[in-house]
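Start from chain V and add chain S with the ligand according to the hints.
Below are the chains, spelled out letter by letter.
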Amino acid sequence: MKVSLFVTCLTDTFYPRVGEAVVRVLEHLGCEVDFPAAQTCCGQPMFNTGCHADARDLAKRMIDVFEQSEIVVTPSGSCCAMIRDYYHELLHDDPAYAERCTKFVKKTYEFAEFLLNVMKVDLKRQKCKWGGGADGNVPIKTTYHYSCHLRGLGMTNEAVRLLEQIGGIDYVPLNKTEQCCGFGGTFAVKYPEISGSMVRDKIGCVKDTGASVLVCNDGGCALNITGAMHRAGMPITTKHIAEIIAEGLGLMPMEQRREARQ
Amino acid sequence: MSDHHEHPVALSKDGQSILFPSLPYDMHARAEAFIADEHIQTYVNRATLGRDNGRKAFTKQIFGDRHNDLRLLAGRIKQHTLDNLDYYLEQFIDNAEKSGAKVHFAADAKEANAICLDIARREKLTACVKSKSMVTEETHLVPELEAIGVEALETDLGEFILQIDNDAPSHIVTPMIHKDKTAVARAFVRELGAEYTEDPKELTTIARNYLRDKFRRADLGISGGNFLVAETGSVVICTNEGNGRFCTTAPRVHVAFVGIEKLVPTQMHLSVLLKLLAKHATAQPLTVYTHIMTGPKRAAEHDGPEQMHFILVDNGRTKILADPEYREALRCIRCGACLNACPVYRKTTGHAYGAVYSGPIGAVITPLFKGLENYKDLPNASSLCGACYEACPVKINLPELLIKLRRDMLSGRVTKWHERIMYKIGAIGLKSRFIYRVGGFFQRKMLRMLSKGGYIRKAPGPFKGWTIERDLPAPAAKDFRSWWKRHKS
Ligand code: SF4
Numbered sequence: 001m002k003v004s005l006f007v008t009c010l011t012d013t014f015y016p017r018v019g020e021a022v023v024r025v026l027e028h029l030g031c032e033v034d035f036p037a038a039q040t041c042c043g044q045p046m047f048n049t050g051c052h053a054d055a056r057d058l059a060k061r062m063i064d065v066f067e068q069s070e071i072v073v074t075p076s077g078s079c080c081a082m083i084r085d086y087y088h089e090l091l092h093d094d095p096a097y098a099e100r101c102t103k104f105v106k107k108t109y110e111f112a113e114f115l116l117n118v119m120k121v122d123l124k125r126q127k128c129k130w131g132g133g134a135d136g137n138v139p140i141k142t143t144y145h146y147s148c149h150l151r152g153l154g155m156t157n158e159a160v161r162l163l164e165q166i167g168g169i170d171y172v173p174l175n176k177t178e179q180c181c182g183f184g185g186t187f188a189v190k191y192p193e194i195s196g197s198m199v200r201d202k203i204g205c206v207k208d209t210g211a212s213v214l215v216c217n218d219g220g221c222a223l224n225i226t227g228a229m230h231r232a233g234m235p236i237t238t239k240h241i242a243e244i245i246a247e248g249l250g251l252m253p254m255e256q257r258r259e260a261r262q
Numbered sequence: 001m002s003d004h005h006e007h008p009v010a011l012s013k014d015g016q017s018i019l020f021p022s023l024p025y026d027m028h029a030r031a032e033a034f035i036a037d038e039h040i041q042t043y044v045n046r047a048t049l050g051r052d053n054g055r056k057a058f059t060k061q062i063f064g065d066r067h068n069d070l071r072l073l074a075g076r077i078k079q080h081t082l083d084n085l086d087y088y089l090e091q092f093i094d095n096a097e098k099s100g101a102k103v104h105f106a107a108d109a110k111e112a113n114a115i116c117l118d119i120a121r122r123e124k125l126t127a128c129v130k131s132k133s134m135v136t137e138e139t140h141l142v143p144e145l146e147a148i149g150v151e152a153l154e155t156d157l158g159e160f161i162l163q164i165d166n167d168a169p170s171h172i173v174t175p176m177i178h179k180d181k182t183a184v185a186r187a188f189v190r191e192l193g194a195e196y197t198e199d200p201k202e203l204t205t206i207a208r209n210y211l212r213d214k215f216r217r218a219d220l221g222i223s224g225g226n227f228l229v230a231e232t233g234s235v236v237i238c239t240n241e242g243n244g245r246f247c248t249t250a251p252r253v254h255v256a257f258v259g260i261e262k263l264v265p266t267q268m269h270l271s272v273l274l275k276l277l278a279k280h281a282t283a284q285p286l287t288v289y290t291h292i293m294t295g296p297k298r299a300a301e302h303d304g305p306e307q308m309h310f311i312l313v314d315n316g317r318t319k320i321l322a323d324p325e326y327r328e329a330l331r332c333i334r335c336g337a338c339l340n341a342c343p344v345y346r347k348t349t350g351h352a353y354g355a356v357y358s359g360p361i362g363a364v365i366t367p368l369f370k371g372l373e374n375y376k377d378l379p380n381a382s383s384l385c386g387a388c389y390e391a392c393p394v395k396i397n398l399p400e401l402l403i404k405l406r407r408d409m410l411s412g413r414v415t416k417w418h419e420r421i422m423y424k425i426g427a428i429g430l431k432s433r434f435i436y437r438v439g440g441f442f443q444r445k446m447l448r449m450l451s452k453g454g455y456i457r458k459a460p461g462p463f464k465g466w467t468i469e470r471d472l473p474a475p476a477a478k479d480f481r482s483w484w485k486r487h488k489s
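Top line first, the protein sequences correspond to chains V and S. So that you can map any letter, position 137 of the first sequence is 137 in this note's numbering, and since no number is skipped, the others follow by simple counting. So that you can map any letter, position 73 of the second sequence is 73 in this note's numbering, and since no number is skipped, the others follow by simple counting.
The following block holds chain S by itself, in its conformation from the complex:
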């Protein structure tokens, strides 16, 4: 991918494009920078913790002990759809076309954007309003639209602010989680000529007035899609601001960018997933606007687009689908619960992941999309605490998938050789009772020699990383076995 041409916006602290850094990506520097930023730490922590606690309390209150059953069911629905994706795709295309929509298929980001640009050119569209969509982030659509003279405006409030601030989303549900109202106020003064205010209500009013005018003039509306229903050929979008409705109703042409994994078989299955989505994302009963659209405006109808296009995006998804071990990652309904639950995400924030999708799910799918050798840090930078697995409404076993990626990195020799040798030596030591004891004896001796007052302040070799941040308690003088021998005699 010619990254430079396709992804010209948004610079991060290290002078690289935030979501499309040059590869291979090194996480350390960025993670460190965000961890050192006390400001960001405070509000990302507050926001994620709040959401996480909200989710736990709310799902418990609503579902009680049945919550796990519901997650199992949802996971099974998605897994079944993925296992039979060709069938449901065909059914979807048939029904969508019957309803008057046009369905396109894009193998990668470039193709997806090209299809959209073609439509814009052919229909002579000049003003686009866009609802939040992670897939269009993935394909990096907006700069391409602008390059052919289509004015493209993000209308989700968070995305809008990021757009005018030349920034990129750092959370899949709350794109602006890393920004506070001071940053918003400044951007509004600078870019919109507004009066300085930090009052959220006034800020929203400023944005609303600005956006209303754009909605009136737009002839192209672009959306993502939370789900596609095969049975009816519909797309479902869930938003809290109503901007999605405007984008898909007011303009003459509606284009929906949706990943092929977003399919569900029927409305009934959809209802199960909708039950879970908002509760896991934002601890709401439902998102404020749950919009199910089937086909463009019909003859007798007043509202709605004259044309409706679906761009079904592959962009690496069939590759994941082909691997039975990783396929379950495609169940993801992008609720963001795993991001909020993840202690690593809380510390590093989304931009440290160097890709469109952050958090635990990002750590799994980014290397699968873009190559393990390009994102070596993501599967490793996790304590495997399991909070993400517990949070996930479709029960994707994220820690296990991370471990599998580590396994593949080892066997594919992506892991450095000295690390591989160290693991080998460790394994040999643990497999023999004799070496375990002798090795343990010397390890204890050595570490005790380095310690002062029961702690080691600066350890060598493999323990070095440890003592950068904390002391290492010294091992006991005698191991448990020695005590056991005495105890038994």
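The following block holds chain V by itself, in its conformation from the complex:
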């Protein structure tokens, strides 16, 4: 299967390792991965702040850039949701783009969704192990942050289902799972008092799980939650599910802070 990666601007800048993990996992599963180099951003920040003309331009740009792709996969739920929920609205009366837009939307997937629903992976059979100890079997308490934009994609527990296929992971659900972490783009900067109080609530829930690892599949949420945990002095590692799978399959070295995992 030929897959194009839409890495997204936040992942490109802050979490390139996530992009790498996605590529390694997809290649391992037999996909032929390419990376259209002209890609920038899906336009979500522009759309959410109300700059709809600019968002429209960026949407067209995305459609142009990925025109030749069979399937587009992205490690960020919120960018995928932007494409699925709003591209049509931005472009439905543009004769040059309406139809191409529909095609583009149809072929775009969030990473976890793609693995489960399209690739139908079984990580157990692949012997994916991410626990501590020499053989990766010592359980590590791991929790998962549900990013709000997955709602728009109709995703509920895909990442958890993947986690449960991985050896050595002791999954502990988060309290108030569906409550937003308070990122919301400019919201976090413009309303720090509200956003800050939301993220403190969230990291409180993370702390209560007793987990040492937090899985978070969205660059925005990750920046927010990791930043808040760092400010609060909480020694918890944040990882994207793609990193855990890539490391668990031996495609990438176990990342820093291994000691925190043991």
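Calculated directly from the structure, the hints in this document are not laboratory data. Quantities reported herein were computed from a predicted structural model and do not represent experimental measurements. The reader is advised that the hints may include incorrect statements.
As the list claims (entries may be wrong) - Taking lysine-lysine pairs in the BS3-like style, the calculated list, with each CA pair at most 27 Å apart, reads:
#1 K488/S / K176/V
#2 K176/V / K395/S
#3 K106/V / K395/S
#4 K445/S / K190/V
#5 K207/V / K431/S
#6 K190/V / K370/S
#7 K485/S / K107/V
#8 K190/V / K464/S
#9 K431/S / K452/S
#10 K190/V / K181/S
#11 K404/S / K190/V
#12 K176/V / K181/S
#13 K60/V / K464/S
#14 K458/S / K107/V
#15 K107/V / K431/S
#16 K190/V / K458/S
#17 K2/V / K485/S
#18 K60/V / K485/S
Unchecked claim - Examples of chain S residues lying across from chain V (beta carbon under 10 Å, computed):
#19 D52
#20 G54
#21 Y389
#22 T415
#23 R437
#24 Q443
#25 E469
Yeah, the Cβ is synthetic: ideal placement off N, Cα and C, and Gly gets one too.
Frame of chain V; chain S with the ligand shown alone:
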């Protein structure tokens, strides 16, 4: 609107009227004050979360996979009614008048109150009992009644407590969500001369005894209306305390204040909406009293008012109706589910919205009612997480409406110029592969220079707000593209 004269009650922490602050309204100070109030945080959080979880569990149990279909249907019923509102209004007026009720139309809050005051004067009414209604909050009726010598008493327990405590509702279903029983106990001692008790049962008994006497003597009963049925000319009110029934049955005159958007075509359509309302509001199968009233008392009947008046309130609604993009906001059946689901509401509580309607639906309709320039914060103070959309029984796409309001603020130049310029620069950077890379390079360099141990504790410029509350993880040394190049070569 001469705010001072019309809205004399209830002061908040910042010395302004809670629901009618001076405009333009600035949300920050109030939001901060409520966030800092640990007491309020604890019980507003507990209450909203409880309700939200209750709704999810209950609707799932009752409707299963069909829940979404039902919401779609309900949304369509309301949307259809709104799209043909003139037709259904006419039908409603005809049928209501046939049943013996009198229908008045009020263009704004002032007119609505004036109609009611006229009735009170003409009929020489002196004692009013009132059932909870958001529209009369909107028109701020009670102080006006009192000003002409009509004693007006709120009879919904929560509203009653707020009234004697000189406070205002902070939730559209649970008006007293921001108060605990200690506050109630104190108010009862102070205002009613009761013995101090925190026992909910005893508190209710105190209120009940006090209210019973008032019900007996009332000659004017005022209610809102959850729905109006065009087919029959009826008004539907849903309450959990039975006070609504007392208000609309015992007094000689009944006046119902209802927003024009509350119409539904027929009883059959009503049944769809009633299926959803209580389940989304309070996770109950139905509200305890669902009261459908058609006309005043007929000759052979013992109970019921001699006169029944409808005051159909516009107060900005036709303006929203005229805009096809925002019209769907009027589908709202005021169930409060979006408030309970909203993480911003949970933190800031209702009074931070500086208006009668709070939460996500308030953030949408308040600026539409009162001007974007007056409520700049409301559409922006949202993370657009979508919990409200998922909660809404009539599928109002609240996040999308908030985004549209932001768009209109930008194009109407309500947004500050430096913010507009920043967005422009951002957009230019993202539209060109070259600028994106060069810009990204410098941004990474700069942020990495500011960071220590992988995090930035204090960032300048546009990131300042970020680091007030949390650290900013530093960008990676090399972007993904650099890795990709190596990977492919
Ligand atoms: S917007 Fe929807 S969820 Fe919110 S109060 Fe209205 S009907 Fe209920």
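Here's how the hints hold up against the structure:
1. For the suggested pair K488/S and K176/V, the alpha carbons sit about 42 Å apart, so the restraint of at most 27 Å is broken.
2. The hinted pair formed by K176/V and K395/S meets the criterion: a straight-line CA distance of about 23 Å does not exceed 27 Å.
3. A hinted pair counts as satisfied when its Cα atoms are at most 27 Å apart, and K106/V with K395/S qualifies at roughly 23 Å.
4. With a C-alpha separation of about 24 Å, the suggested pair K445/S and K190/V falls inside the 27 Å cut-off, and the hint holds.
5. With a CA separation close to 40 Å, the supplied pair K207/V and K431/S exceeds the 27 Å bound.
6. Restraint check for K190/V and K370/S: satisfied, since their Cα atoms lie roughly 22 Å apart, inside the 27 Å limit.
7. Annotation: proposed proximity of K485/S to K107/V holds, straight-line Cα distance about 25 Å (limit 27 Å).
8. Of the pairs offered as hints, the one joining K190/V and K464/S holds, with about 9 Å between alpha carbons and a cut-off of 27 Å not exceeded.
9. Pair hint K431/S plus K452/S does not hold up; C-alpha atoms about 32 Å apart against a cutoff of 27 Å.
10. Straight-line distance between C-alpha atoms of K190/V and K181/S comes to about 35 Å, which puts the hinted pair past the 27 Å bound.
11. Of the supplied pair hints, the one linking K404/S and K190/V holds, its CA atoms being roughly 18 Å apart against a limit of 27 Å.
12. For the proposed pair K176/V and K181/S, the alpha carbon gap of about 26 Å is at most 27 Å, so the pair holds.
13. About 32 Å separates the Cα atoms of K60/V and K464/S, which puts this hinted pair outside 27 Å; it is violated.
14. The suggested pairing of K458/S with K107/V is violated, with an alpha-carbon distance near 41 Å, which exceeds 27 Å.
15. For the hint linking K107/V to K431/S, the alpha-carbon distance of about 22 Å falls within 27 Å, and the restraint holds.
16. Between K190/V and K458/S the CA atoms are separated by roughly 16 Å; this keeps the pair inside 27 Å, and the hint holds.
17. Simply put, K2/V and K485/S have alpha-carbon atoms about 19 Å apart, close enough for the 27 Å limit, and the pair holds.
18. In summary, the hint linking K60/V to K485/S is supported, as the alpha carbons are separated by about 26 Å, within the 27 Å threshold.
19. Interface restraint check for D52/S: the shortest CB-CB distance to chain V comes to about 9 Å, inside 10 Å, so the restraint holds.
20. For G54/S, the suggested interface contact is broken, since its CB lies about 14 Å from the closest CB of chain V, more than 10 Å.
21. Because the closest C-beta pair between Y389/S and chain V is about 8 Å apart, less than 10 Å, the hint holds.
22. Of the supplied interface hints, the one on T415/S holds, with its beta-carbon coming within about 7 Å of a beta-carbon of chain V, less than 10 Å.
23. A hinted interface residue such as R437/S counts as satisfied when its beta carbon comes closer than 10 Å to some beta carbon of chain V; here the least separation is about 9 Å, so the hint holds.
24. Restraint check, Q443/S versus chain V: the minimum CB separation of about 7 Å is within 10 Å; hint holds.
25. Taken as an interface hint, E469/S checks out: its beta carbon lies about 3 Å from the nearest beta carbon of chain V, inside 10 Å.
Checked against the numbered hints given earlier, this structure breaks hints 1, 5, 9, 10, 13, 14, 20; the rest are met.
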